[in-house]
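Residues per chain are reported as follows:
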Amino acid sequence: MNAPAGLDLPDPPRERLVVIGNGMAGCRAVEEMLERDAGRFDIVIFGAEPRVNYNRIMLSPVLAGEKTFDEIVINSTEWYAENGIELVSGDPVEHIERESMSVVSRSGRIEPYDKLLIATGSDPFIIPIPGNDLPGVVTFRDLDDVERMLAAAELGGDAVVIGGGLLGLEAAHGLSLRGMKVTVVHLMPTLMERQLDEAAGYLLRQELESRGHTILTGANTKTIHSIEGRVAGIELEDGTRIKADIVVVAAGIKPSIGLAKAAGLECERGIMVDDHMVTSDPDILAVGECVQHRGLCYGLVAPLWEMCRALADYLTDTPSGYLGSVTSTKLKVSGIDLFSAGDFSGGADCEDIVMRDASRGVYKRVVVKGNRVVGAVLYGDTADGNWYFDLLKKEEDISEIREALIFGQAFASGGALADPNAAVAALSDDAEICGCNGVSKGRVVQCIETGAHSLDAVRSQCKASASCGSCSCLVESLLALTLGGKVESGPKTMCKCTSFTHDDVRHLILEKGLKLIPQVMQELHWTTPDGCSSCRPALNYYLLCAWPGEYEDDEKSRFVNERLHANIQKDGTYSVVPRFFGGITNPKELRAIADVVEKYDAPMVKVTGGQRLDIFGVKKEDLPAVWADLNAAGMVSGHAYGKALRTVKTCVGSEWCRFGTQDSTGLGVKLERLTWGSYMPHKFKMAVSGCPRNCAEATIKDFGVICVDSGYELHVGGNGGIHLRGTDLLCKVETEEEAMETCIAFIQLYREDGHYLERTAPWIVRKGLEWIKAQLFDDPGAIPALAARFRLSQTFWQVDPWARRAAGAHRNLHSHLAEIRPLAVENA
Amino acid sequence: MSEAYGTWLDIGTTTQIEPGSARTLPVAGGDEIAVFHTMRGEFYALVNTCPHKQGPLSQGIVHGDSVSCPLHNWRISLRTGEALGDDQGCTPTIPLKIDSGRLFLLREAVIPGKAPPLAPALAA
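Protein chains in written order, with numbering that gives the first Met the number 0: chain A, 0 to 827; chain B, 0 to 123.
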């Protein structure tokens with residue numbers, strides 16, 4: 000601010016904007032304003048809660064333990080500071096003095112305003128019955144309520160939730176996940192009757208009951224009982240008594256209009272506002288759940304965003320006007336897909352189009368009026384929710400696609416839109432992409448066009464998909480559509496079930512301390528109920544690598560070869576490879592193999608490329624016995640089926656060979672004894688050649704050693720498979736010990752960084768040899784640290800899977816469920 | 000015992016198949032039936048051969064309501080037996096019902112050609 004001399008006048012005083020309410024509406028209005036004209040106002044925000052602005056609609060996941068408070072903060076303390084906003088938290092405004100244009104807070108603070116914004120939201124509706132003020136009776140409105148519920152849940156016991164609406168059911172879900180036995184008491188005959196029709200309500204009820212909730216509909220609570228001054232239970236009109244250690248009242252909300260009313264502003268159910276969100280006092284504006292606009296009060300988040308935009312446009316002299324909102328709802332209860340939008344109460348001139356698929360638990364109903372969609376209820380399959388909602392908002396004529404309307408967008412559009420990108424392309428610009436942050440398609444596209452070329456960039460710039468993440472796929476489609484081939488997708492997503500990359504997933508598993516596959520899927524917003532055959536094995540490996548000793552291997556997520564510790568062949572039989580350490584065997588082992596071949600009628604034995612013997616044609620039922628016999632001769636599983644250390648190929652080396660410079664066989668045996676049993680992103684092969692003639696072909700192995708006179712050349716990243724690749728020289732070492740230590744450090748680096756099913760060759764191409772070298776050699780502590788982590792993992796994983804199975808573990812996998820003997824049936 | 004007279008065969012309890020896995024059932028003629036239990040708790044029965052190269056579907060990874068064949072990763076719908084995605088083919092499904100925690104397969108589907116004699120007698 001170095002103004003030229005003579006012009007050094009003070010800035011003209013800015014107008015003062017006072018905001019009552021630090022919630023989603025109040026803060027969003029301020030954000031919208033800052034975006035348009037950051038210098039326009041001096042801003043003071045009063046919040047009744049002693050904390051920063053957070054995403055209230057995400058309180059349910061917090062209660063359910065799916066998110067932490069930090070994760071639902073919208074604007075941190077820094078945001079207020081950076082934008083020069085004064086936040087007065089925990090000190091609610093008690094009066095509005097319209098005469099003197101100021102507000103007075105509980106602590107007596109007087110704040111003058113030029114413009115006042117009321118965003119007081121709504122209050123929970125407290126049912127007027129005896130006992131409603133007892134300790135242990137809570138509402139579900141803010142973080143304090145959540146904390147009260149969590150404290151109650153810690154003691155376990157019974158919870159009663161009064162109210163079977165959106166909020167009540169989310170509270171019930173959370174409390175039940177926290178270990179409480181939950182009864183939901185609902186006045187109306189149908190759960191969520193404002194959003195659902197009877198059929199969908201029924202499916203929802205069934206699902207909740209199957210999760211152990213007790214649901215009482217048509218139940219009117221008469222009294223809340225207490226014992227020693229604390230809540231003990233409730234009594235219904237019909238005399239039914241239900242025990243309760245906590246009673247959650249979630250019977251609805253009402254606009255919080257006390258302050259406005261006392262200040263003489265015009266109010267009905269809510270504070271009356273015009274299309275620019277101006278109240279009956281031109282200097283006082285109001286947004287959010289506390290207002291009544293064109294006769295309507297809203298209790299959902301999407302309308303807030305639209306109101307805030309209109310308000311900011313008005314305050315920054317570009318009035319746009321708010322025309323009211325059509326709303327849609329989703330239930331944030333994990334595993335229940337439920338979507339509702341518009342009006343589905345039906346009527347004489349309405350036609351219902353309904354589809355039910357009982358076996359899938361799917362119910363869809365679209366209400367059509369004069370060739371326009373006016374309402375939709377989807378249960379069990381909500382994929383087309385956005386599409387119906389879009390048709391509804393745009394009031395599109397659907398007469399041409401009416402026949403196929405109920406089957407969803409892909410069908411209705413003649414199959415061409417089975418491509419998800421095309422489906423997203425068909426959405427209008429004002430279609431909502433991110434419900435959590437109220438971001439429209441137009442906004443996302445604008446954001447992409449102005450430089451956000453990756454999912455992360457979009458997330459940070461316009462917040463789309465930055466909260467719950469369930470719209471990540473939509474954002475990715477928009478990226479693809481807007482940029483064509485230029486999307487900086489970076490590495491691809493792990494699979495179609497997630498928008499995260501392999502690296503993201505590995506990183507988040509560690510960062511969030513995720514220790515179970517379902518937990519990863521939940522926390523990282525998997526879009527499928529239980530993943531697919533690509534992500535499940537990958538997640539299983541990542542967890543196994545991240546938490547040695549803690550993570551319990553998930554057999555269901557392993558490919559059959561690893562599940563049965565043998566290779567499946569084209570006829571459904573298996574082949575079995577015992578380990579020959581370093582390629583060495585003896586008469587006892589050979590005899591045992593010969594016996595197994597005879598005893599189990601194995602049609603073939605073959606020498607593998609890695610100097611082992613492969614016994615073919617073993618039946619699944621016989622595997623445990625085969626393993627037992629091989630174990631008895633001292634052999635262990637060769638892991639020839641695993642994403643694991645396979646073989647260490649050797650030549651004879653200095654012991655026999657006239658060219659051998661070192662004991663390559665001995666080193667091979669040592670390396671294999673050190674590393675067998677370790678699981679990796681992909682199969683891993685090693686070789687040790689005794690001289691540069693390289694008889695063991697060490698230069699096409701994942702890790703190869705070439706013995707030379709002066710020591711050992713260590714080679715990495717070779718691959719003799721489909722894409723032949725020779726190794727890169729990693730380094731040269733002098734002793735066997737160094738060679739072995741470097742080997743396991745390299746393996747561990749690969750284990751911790753490689754993508755599942757990525758062999759070392761593409762991994763090294765992706766990361767660069769220099770990166771690998773830097774990781775290993777830049778810091779003298781790196782190799783010991785990596786090696787130590789490898790050894791730790793080996794203490795848990797260097798076990799022979801055959802021995803456990805031969806001893807009877809997982810016997811199920813090898814035996815039939817039952818035998819059906821036609822004769823017995825006929826004779827019965 | 001009474002079920003053996005009817006059209007449904009009792010093949011065991013639902014608890015014998017872990018969620019997310021399958022077990023097999025040999026039937027007359029050397030075929031096998033695979034009985035699946037999905038992670039969502041649904042049960043399905045299919046002939047245990049992939050329409051592609053006859054891979055044993057029971058050994059595949061079960062996800063959602065489909066299974067990926069262990070041989071070439073074809074994805075087969077457990078509901079319809081149809082190959083999903085770009086692949087074409089279908090594996091016969093076997094009608095299955097659950098009653099009081101026990102699994103029953105439709106007799107005619109399991110033992111072809113041996114069905115009716117007993118059933119009408121029972122109905123009469």
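Note that these hints are calculated values from the structure, not bench results. Where is the CB? At the ideal position from N, CA and C, for every residue including glycine. Treat the hints with care, since some could be wrong.
Claimed, not checked - Derived SDA-like pairs (lysine to any residue); straight-line CA-CA distance at most 25 Å: (1) K569(A) <-> T14(B); (2) K555(A) <-> R101(B); (3) K555(A) <-> T79(B); (4) K52(B) <-> I721(A); (5) K569(A) <-> E31(B); (6) K569(A) <-> L509(A); (7) K555(A) <-> T14(B); (8) K598(A) <-> P25(B); (9) K569(A) <-> K52(B); (10) K462(A) <-> L515(A); (11) K514(A) <-> E17(B); (12) K569(A) <-> D30(B); (13) K514(A) <-> G19(B).
Claimed, not checked - Here are the simulated distance ranges between beta carbons: (14) R39(B) <-> E96(A): 24 to 34 Å; (15) K598(A) <-> E81(B): 33 to 43 Å; (16) E81(B) <-> V651(A): 35 to 45 Å; (17) A787(A) <-> C89(B): 36 to 46 Å; (18) Q15(B) <-> V764(A): 44 to 54 Å; (19) R35(A) <-> C89(B): 28 to 38 Å; (20) C89(B) <-> L589(A): 40 to 50 Å; (21) A787(A) <-> E81(B): 45 to 55 Å.
What the hints assert, rightly or not - Counterexamples of contact, computed for chain A against chain B with all Cβ distances above 12 Å: (22) M57; (23) F558; (24) Q568; (25) T572; (26) D594; (27) A787.
Structure-based check of all given hints:
1. K569(A) <-> T14(B): violated (31 Å)
2. K555(A) <-> R101(B): holds (23 Å)
3. K555(A) <-> T79(B): Given pair K555(A), T79(B) holds - Cα atoms ~22 Å apart, limit 25 Å.
4. K52(B) <-> I721(A): Distance of about 23 Å is within 25 Å: holds.
5. K569(A) <-> E31(B): holds (16 Å)
6. K569(A) <-> L509(A): Cα-Cα ~39 Å, so violated.
7. K555(A) <-> T14(B): holds (16 Å)
8. K598(A) <-> P25(B): holds (23 Å)
9. K569(A) <-> K52(B): holds (8 Å)
10. K462(A) <-> L515(A): violated (28 Å)
11. K514(A) <-> E17(B): Between K514(A) and E17(B) the Cα gap is close to 21 Å, so the pair holds against 25 Å.
12. K569(A) <-> D30(B): holds (16 Å)
13. K514(A) <-> G19(B): Judged against 25 Å, a Cα distance of about 19 Å means the pair holds.
14. R39(B) <-> E96(A): 24 to 34 Å: Check failed, 60 Å falls outside 24 to 34 Å.
15. K598(A) <-> E81(B): 33 to 43 Å: Since K598(A) and E81(B) have Cβ atoms about 41 Å apart, the given range 33 to 43 Å holds.
16. E81(B) <-> V651(A): 35 to 45 Å: violated (55 Å)
17. A787(A) <-> C89(B): 36 to 46 Å: At roughly 53 Å between Cβ atoms, C89(B) and A787(A) fall outside 36 to 46 Å, so the hint is violated.
18. Q15(B) <-> V764(A): 44 to 54 Å: Taking Cβ atoms as reference, Q15(B) and V764(A) lie about 47 Å apart, which means the hint holds.
19. R35(A) <-> C89(B): 28 to 38 Å: Distance hint for R35(A), C89(B) is violated at roughly 59 Å.
20. C89(B) <-> L589(A): 40 to 50 Å: The hint (40 to 50 Å, Cβ to Cβ) holds, given that C89(B) and L589(A) are roughly 47 Å apart.
21. A787(A) <-> E81(B): 45 to 55 Å: Given range 45 to 55 Å: holds, Cβ gap about 51 Å.
22. M57: Fine: 26 Å to the nearest Cβ keeps M57(A) off the interface.
23. F558: Contrary to the label, F558(A) does not stay out of reach of chain B, its closest Cβ about 7 Å off (not over 12 Å).
24. Q568: Q568(A) not clear of chain B: closest Cβ-Cβ about 9 Å, inside 12 Å.
25. T572: Per Cβ check, T572(A) is inside 12 Å of chain B; nearest 10 Å; violated.
26. D594: holds (27 Å)
27. A787: Consistent with the label, A787(A) stays out of reach of chain B, its closest Cβ about 34 Å off (over 12 Å).
In this structure, the earlier hints numbered 1, 6, 10, 14, 16, 17, 19, 23, 24 and 25 are contradicted, and the remaining ones agree with it.
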